[in-house]
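Visitor: Protein chains in written order, with our numbering: chain E, 1 to 683; chain U, 1001 to 1100; chain F, 2001 to 2121.
Quick caveat, the hints were computed from the structure, so don't treat them as lab data.
Glycine included, C-beta positions come from ideal geometry on N, C-alpha and C.
Any given hint might turn out to be false.
[Unchecked claim] Stretch by stretch, here's where chain F covers chain U in the computed footprint (C-beta under 8 Å, at least three residues):
no. : stretch
1   : 1008 to 1016
2   : 1030 to 1044
3   : 1059 to 1072
4   : 1075 to 1083
[To be verified] Looking from chain F toward chain U, a few residues come up when the C-beta cut is under 7 Å (computed):
no. : residue
5   : Leu2021
6   : Met2025
7   : Val2029
8   : Phe2034
9   : Gly2035
10  : Phe2073
11  : Leu2078
12  : Val2080
13  : Ala2083
14  : Ala2087
Residue-level listing of the chains:
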Amino acid sequence: MVDVFSYVPAIVLLPFFSFLIALGAGKYLPKGGAFGGIAATAGSFLLSLWVFATVAGGQTYNATIYTWASEGGIGPTDIELTFGILIDPLSALMLVIVTLVALLVHVFSLGYMNDEGETGLPRYYAGLGLFTASMLGFVVADNLLMAFMFFELVGLCSYLLIGFHFREPGPPSAAKKAFLVTRFGDYFFLVGVVAVLATFGTAQFAGEGSFPALADAALNGSGSVAWIPGGLELQTWLTIIGLLVLGGVVGKSAQFPLHTWLPDAMEGPTPVSALIHAATMVAAGVYLVARMFGFYALTPTTLAVIAFVGGFTALFAATMGVVKDELKQVLAYSTISQYGYMMLALGAGSYVAATFHLMTHAFFKALLFLGAGAVIIAMHHNENMWDMGGLKDRMPVTYWTFLAGSLALAGIFPFAGFWSKDEILYEAFIHGLNDPLLLGGWVMGLLAVPVTAFYTFRMVFLTFHGEPRTELARDPEPVRWNVKGPLTVLGSLAVVAGLVNMVPVQKLLGIEGIDLLTRWLDNDFGGIDGVSYSAYNDLLATHGHEAAFLGVGETATLLVAAGLSLGLAVAGVLVAWKLYNVASPTEHTAKLGGLKDVLYNNYYLDELQVWLAYRTEDAAGGADTFDQGIIDGVVNGVSSVSLFGGSRVRQVQTGLVSQYALLLTLGLVALILTLGVSGGWFL
Amino acid sequence: MVPIEWYLLLATAMFCIGLFGVLTRRDALYFLMSVELMMNAANINFVAFALYYGDLTGQVFALFVIALAAAEVAIGIGIILVLYRNFGVTDVTVPTEMRW
Amino acid sequence: MSDTNTGRLGRLVPAAAVGLLFAVMAVTVLSADFGDFSEGLEAFEGESVVHNIGYALFNLGEHGVATIPSEGFLAAFLIVAVALDVALDGAVYLAKREEDGSIVSAVGQAFTDGGRDGGER
């Protein structure tokens, strides 16, 4: 039997080769490197399916591929820096998701980029290939340092792809903003990585020698850590490490306050937005926390922070999505909001709910972005929803798939989003009954539900329903199979993906075994010891993270929570229906008056960050003065001493022979005196 | 016999007088004359030591020096001629081109 | 000519330097110990250097007539002759002038007319 795990590096390397090919030979290839990219991602997808099947059969893989810095006494312990592969249920699932979405985006790009006659296609497909390779490398990483390296690589690819149309003023600026804001978070992440390496001597995610296991042992008292900075307790230090790594997560997953880059990232081509800023790169942060969950479970403070930030972001971004006029902007804020939900789930301790929502969100958000891409192609790149309308009759495939995605996003039964979002809110609720901070997060998440439903359906109704408001909306550009195909695939996934984890049905009807995802992540199909849902639950319980139920019992609690979230979602849809599902909708959000301006300007947070950047520049001015004045001054001073000295000393050379003779005489006298006195024969 | 110190003192005195001339004189020809004086002081030294050591090498060397001094003066006057041609005067303080 | 000023220093500084040098060398000479010179002085008692140079010139040194070895003088004479010859040529060359494209020597106009045709003298 062929060992599939020896082919895992191929999953990462195939897109990398398509990157090289597109870069080197792209302009000679017929579609600018597209077929190479499609072939590579299809190959990676098939390999990922094979890996998934193998893991379902009970095998896992956790090995080091290459040691690039070996024991030589770095730091307090001998640390080895390695590249390795970790395949367990979580990473196998993520591999399938990432490769599937990447494949569909590559196919879609044929329609979006090639058919639209875009230039610079080799660069585009090279960027997509490198991104896919980096993301897959991140997913299979077995240690934190390797994960960090690939984390940075995906950030780089995001920069390259957002700034694809670099000759216009918007995209390069947006690319810089994305890179810098995420880089700011990644700085804390890097400090966290170094802290992990210094404290535990290893950065492995799973296995016996992994740092979550070591941390747990140290807290139990059955082990110890190599180094703690002076004076801190172990628990405090672990919390600090968790918060440092969280910095990178907050940046990459666009949580408050580092969320400002994501709406601007919509300047990139829509397939890029679908792949990177909806389904995969922003998922990297949440995936990282899920990967390290054994470590985060030990620090309830960090979990509470994560939950609160997540819940807050969910509500905060949803409010901003309500007033936007452009199609992709609404989807961008929706992404920020949904990742807030995932963070809320992680903070509540429900690793399964977060992963579930990650999966369903990847599918339906990619679907929504690709659908938006289809609309954008049809409307000749005019994104303003107020110029659209009535597209449902003219673009039926796009409409029905988009509607499926929107129902999933809004969380309507039985679409995918309902199951995952509902589970998140339920878990947040039952854990929040013991923890006020978590309950606050739950309340904010719950409030975001109707707002989400409202802005989603506002978007749907403005774009597809009503009467066409412009000529182009009356007669849009048709789209081809390479656009409709991926939409159909994702549309069906948005409908059925939720069925893999129908926990409420299981609990209400008592049917066992249909919560497939929970069982998958609980190592029911096989997995690595200590990296499973039950193991995490045990850790959480040990650290005081208990679930509670309303006095009436579990089933009733479930019904109340589910009913509440579904009811609010439907209410939001109905409000949007009433306001916008008319022949000629008006801009109702204008009635909010000044509030609308605040929301439209994103609570002026972008301006705040620019202001902060300028203040940093001022503060940096002091360092600059020090560098230029003192350090450069010392160096220049040395040279000026030399120059000044030289200019004075050279005046000895007057060109006057008599003076030279005089100097010779004096020199001779001095020589005789010196030799005589030191030789003892003079006097 | 006369103690050798006298000869050496005489040579020293002549040398210093010649040196004073080199340092002070402006006209190139006087400069050359002072240089001659210095060379003659050295000659006295050579001959004095030749006498006191009984070795004729000193006298031979002095003969060399005299002849070569003459040769050097010949060349020197040629150079002064060129100097006069280029600068118009034989004043050694005038040509100060080779300086900073 | 009493142009002893070097322009910038006057005569004081050179005089001081020279005086200092004289003082130093005089002190050195007077305090030096030269040892006994009696042997050297006897070598020249009653001998004539010039006679011996003559003997050396005619290669009579081997026959026991010469008392002082003076071949060094002969070498000196020869080398001096060559050096003076070179010096003379050098001086003449340096003294030549270039005027109107043709080389004119310092004594050109005194003895010849430099090859000009006709003209008044």
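Visitor: Next, verify each hint and record whether it holds.
Guide: We went through each hint and held it up to the structure:
Check on the stretch 1008 to 1016 of chain U: 6 of its residues sit with their Cβ under 8 Å from a Cβ of chain F, so the three-residue criterion for coverage holds. For a cut-off of 8 Å, the count of residues in the stretch 1030 to 1044 of chain U with a CB near a CB of chain F stands at 1, and the three-residue condition is violated. Only residues whose C-beta sits within less than 8 Å of a C-beta in chain F count toward coverage, and the stretch 1059 to 1072 of chain U has 9 of them, enough to reach three; the restraint holds. Counting residues of the stretch 1075 to 1083 of chain U whose C-beta lies closer than 8 Å to any C-beta of chain F gives 6; at least three are required, and the coverage claim holds.
At its closest, the beta carbon of Leu2021/F sits 6 Å from a beta carbon of chain U; the interface hint therefore holds under the 7 Å criterion. Hint status for Met2025/F: holds, given a least beta-carbon distance of 5 Å to chain U, under 7 Å. Checking Val2029/F against chain U by beta carbon gives a least distance of about 4 Å; that is within 7 Å, so the hint holds. For Phe2034/F, the shortest C-beta to C-beta distance to chain U is roughly 6 Å, which falls under 7 Å, so the interface hint holds.
Evaluation of the Gly2035/F hint against chain U yields a violated restraint, the C-beta minimum of about 10 Å exceeding 7 Å. The beta carbon of Phe2073/F comes within 6 Å of a beta carbon in chain U, closer than 7 Å, and the hint placing it at the interface holds. Interface hint at Leu2078/F: violated, since its Cβ lies 11 Å from the closest Cβ of chain U, which is beyond the 7 Å cut-off. Checking Val2080/F against chain U: minimum C-beta separation of about 4 Å stays under 7 Å; hint holds.
With 7 Å as the threshold, the beta carbon of Ala2083/F comes within range of chain U, its nearest partner Cβ sitting at about 5 Å, so the hint holds. Given the 7 Å rule on beta carbons, the hint for Ala2087/F holds: about 3 Å separates it from the nearest Cβ of chain U.
Hints 2, 9 and 11, counting from the list given before, are not met by this structure.
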